[in-house]
Amino acid sequence: MSGQPDTHHEESFWRKYIFSIDHKVIGLQYGITALIFLFFGFCLMMMMRWQLAYPEQPMPWFGWLFGETGVMLPEMYNSLGAMHGTVMIFLGVVPLAVGAFGNYFVPLQIGAPDMAFPKVNMTSYWCYFAGGIVMMVGFFVPGGAANSGWTSYPPLADIATTGQTVWLFGMVLLITSSLLGSINTITTIVQLRAKGLTWMRLPFFVWSQFVTAFLLLLAFPPLEAAGVLQLMDRLLDTSFFLPSGLIVSGEVLNVSGGGSPLLWQHMFWFLAHPEVYVLILPAMGIVAEVLSNNTRKPLWGYKSIVYASSFLGFMSFIVWAHHMFMTGMGSTISAFFQTTTMIISVPSVVILTAMFISLWGASIRYNSAMLFALGFLPMFGIGGLTGLPLGIAASDIHLHDTYYVIGHFHYVVAPGTIFALFAGVYYWFPKMTGKTLNETLGKIHFWLSMIFINGIFMPMFVQGLAGVSRRLWDGGASYAHATDTLWLNEVMSASAWLLGLAQIPFIYNLIKSMKSGEKAESNHWDATTLEWTDAPSPPLPHRNFEVIPEVYRGPYEYSVPGADKDFTPQSEA
Amino acid sequence: MEIPYNVEERQDTGMFNAKLGIWLFLASEVMLFGGLFSAYVFLRMGDVTGTFISGASELNIPLATFNTLVLISSSVTMIMSWVSLKLGEQKKFKTYLGTTLLLAGVFLVVKYFEYTAKFHHGIFPETSTFFAIYFTLTGLHMLHIIGGMVVIFYFLVPGSKMMNTESERFTNRIEIVGLYWHFVDLVWIFLFPVLYLL
Amino acid sequence: MSGHSVEDIKKSVKVYIGVFAALAVLTVVTVAASYLDLSSGEAFFLAIIIASVKGTLVAGYFMHLFSEKTTVLAVLGLTFFFLIVIMFLPFMAFTDQAVI
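Chains as they are written, first to last, in the numbering used here: chain A, 1 to 573; chain B, 1 to 198; chain C, 1 to 100.
Derived DSS-like pairs: lysine-lysine, alpha-carbon spacing no greater than 27 Å straight-line:
| id | chain 1 | residue 1 | chain 2 | residue 2 |
| --- | --- | --- | --- | --- |
| 1 | A | LYS16 | A | LYS435 |
| 2 | B | LYS92 | C | LYS10 |
| 3 | B | LYS91 | C | LYS10 |
| 4 | A | LYS195 | A | LYS297 |
| 5 | C | LYS11 | B | LYS86 |
| 6 | A | LYS443 | A | LYS512 |
| 7 | B | LYS86 | C | LYS69 |
| 8 | A | LYS303 | A | LYS195 |
| 9 | B | LYS94 | C | LYS11 |
| 10 | B | LYS161 | C | LYS10 |
| 11 | C | LYS14 | B | LYS92 |
| 12 | B | LYS86 | C | LYS10 |
Take a look, some chain B residues computed to stay more than 12 Å from chain A by CB distance:
| id | residue |
| --- | --- |
| 13 | GLN90 |
| 14 | TYR112 |
| 15 | GLU114 |
| 16 | LEU156 |
| 17 | GLU175 |
Which residues of chain A face chain B? A partial, calculated answer using Cβ under 7 Å:
| id | residue |
| --- | --- |
| 18 | LEU179 |
| 19 | ILE183 |
| 20 | GLN191 |
| 21 | LEU217 |
| 22 | LEU218 |
| 23 | PRO221 |
| 24 | PRO222 |
| 25 | ALA225 |
| 26 | LEU236 |
| 27 | THR238 |
| 28 | SER239 |
| 29 | LEU263 |
| 30 | MET267 |
| 31 | ARG543 |
No lab work stands behind these hints: they were computed from the structure.
Note that CB positions come from ideal geometry on N, CA and C, so glycine has one too.
Take the sequences, apply the hints, and build the full model.
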């Protein structure tokens, strides 16, 4: 008994499209909301890049946002910076990767009628939506939105303007959404796999969502606890994170003291490090699907990839203090975290290598999804390799808190994860809408994005190595050691705006194709996994399958010798 | 088409869906309270002025010991309510579940007296880091008690009809509530010595 | 928990009562132990050990963990490992601070 009557009564508009408990509707809700937030976060960045390229110059077209002079104040820059990070990570990438793609395709790929807890699923979406609204409210309170970095370090965050309190409440809602979602994902994958779908027959996309869900489940709660503690510091005058004798604006702060800013850092990074694997694992999952489908070969090293991703998830919990090398930690504990950090680079290399080897001897189909998946590979490689000097304390002394760090993590998330998410959109659009996206526009979108995104982030390594600090509202203009690399600011800003323009073909493509795109058959890509082989063309019915499929083989049986076609569905005996 | 294993157990895992769901939720709660315990340790290590020792000495150990026994008893009545359902004894089920609710209420009343006594003496979360973490840990625990009481009340009164219409599903739900309730008891078993006795 | 006969359930009631008695005794032991003259580190460990015994009884019997299959035990084992990590690593980082 599911608690939801499965009769054919007519559902009201509200029940069918707004407060739906169907994972496909919820997945679409997540997807559309996340794409809007991604665009908003991108706009925040484009504004920041004006200030960086032309500090204290009035901004064209959007200067009215900054009052009469049209000049962005440094405090505003800080708000844009903190919110850009927050919006992109918590309102954009993770909801798209996990809430949208995970919700929509995990049940389909495992042959389930829905997620294990459909009502919890709906609740998790609306918590996310509420969290997003609360975060946006921050822009309208006195003092503006949170401005202490997405990392919200005390003591600054404890005494910052009201926007920080709003941020904390927003985070509580978002974390709640995430916890409900991860409980749902894990239960669904463990309990609702179709007959014959053993663990080692799961598409890697499902494995990646499974590991990700564990990271979210176990790593977020300490941050939720820390958020509550910071709220208490701000609202109830406690001193969890305030050391004794702190002087603010020339006066000793009237609190008990005895707290520690480092406590926040430990609790924050305990979540925030696994969070970066939350950002990359679903992306790797999508790339695995797209690669195997468009090489018409099985994914090379499936077992290694599965074990590596599980090991990666496990290790991600014990590396966090590599974000804290500069806090005065002793050599023993520093050695511990350097060691675990070096070890954790191994599974990523295993996964990336297996994906590269998967291309060997392949009959590659160069469609837009595949282009983005292929682009992901070297971009993630650069992102990963540039992380190594940061994980070693000695070199981190020079690079910590510089633009090198920003370049490193953006390579992994932007031409890394976001390219993989684009690949997912191009790949799964036919299944979600029953129409195809225009390939020419897709290719234009890919090539322009690829060029300009490197234009933004590659120069960051140069600036970082020269010693330009991050989070400087004027991009280093007031520092002598930055003078030689300042010209790169204009290059990066121009690339950013051009990257923005490059998204226009994509947005146009999405809207036009949804309305009047070419019709897609139910297995448009000749794929092997259940969402293509056994679920019909949209609109997919409530509860997905007429008959739950039975699984007889692995997920990537392409070009099986002796078969009559170059792909053999999982559900084919 | 129904969602499988909503009531009956899946063979290889031995569970129905909601049981795995509640355990996963409890795992996240372990990390939540664990994070706060970690904060306790960290703050105590940094406590150079001895506020943790002087603060703990202000706490009422006999009252808290009594409360510990109250909560353990409520755990027993909770499991006995589930046992009664399994044996088909509906009246006993209601008695045991009602007693659980009552004992939880007693716990809250004692906490109310503890807290107001502190406030009366001018002791608030902002007084010291010890009291900050004390009020946070016990306060969060108390919120969990209240949440549990709301759910238990729901199954005792408005939601109790399912006992007759879908009895196996209802019994499962009581088992789930029990798991949550035992967890709340478990947290207190650790909270009590750490805050009051160390 | 289908497959439990009436006799099984009646037997487990005896177990539950036994666990309740043990928990009550251990609570008294906890308070008594606090009067021992120990260093703060030793006291902390003793308190945690006694609490862990009580916790294991609650988890194992009241929460049926002793009769569950591996799935839940694996999840909880993993959780417990990460609990130890977050309880002890920040503390170790604190004690191993660099000498300035």
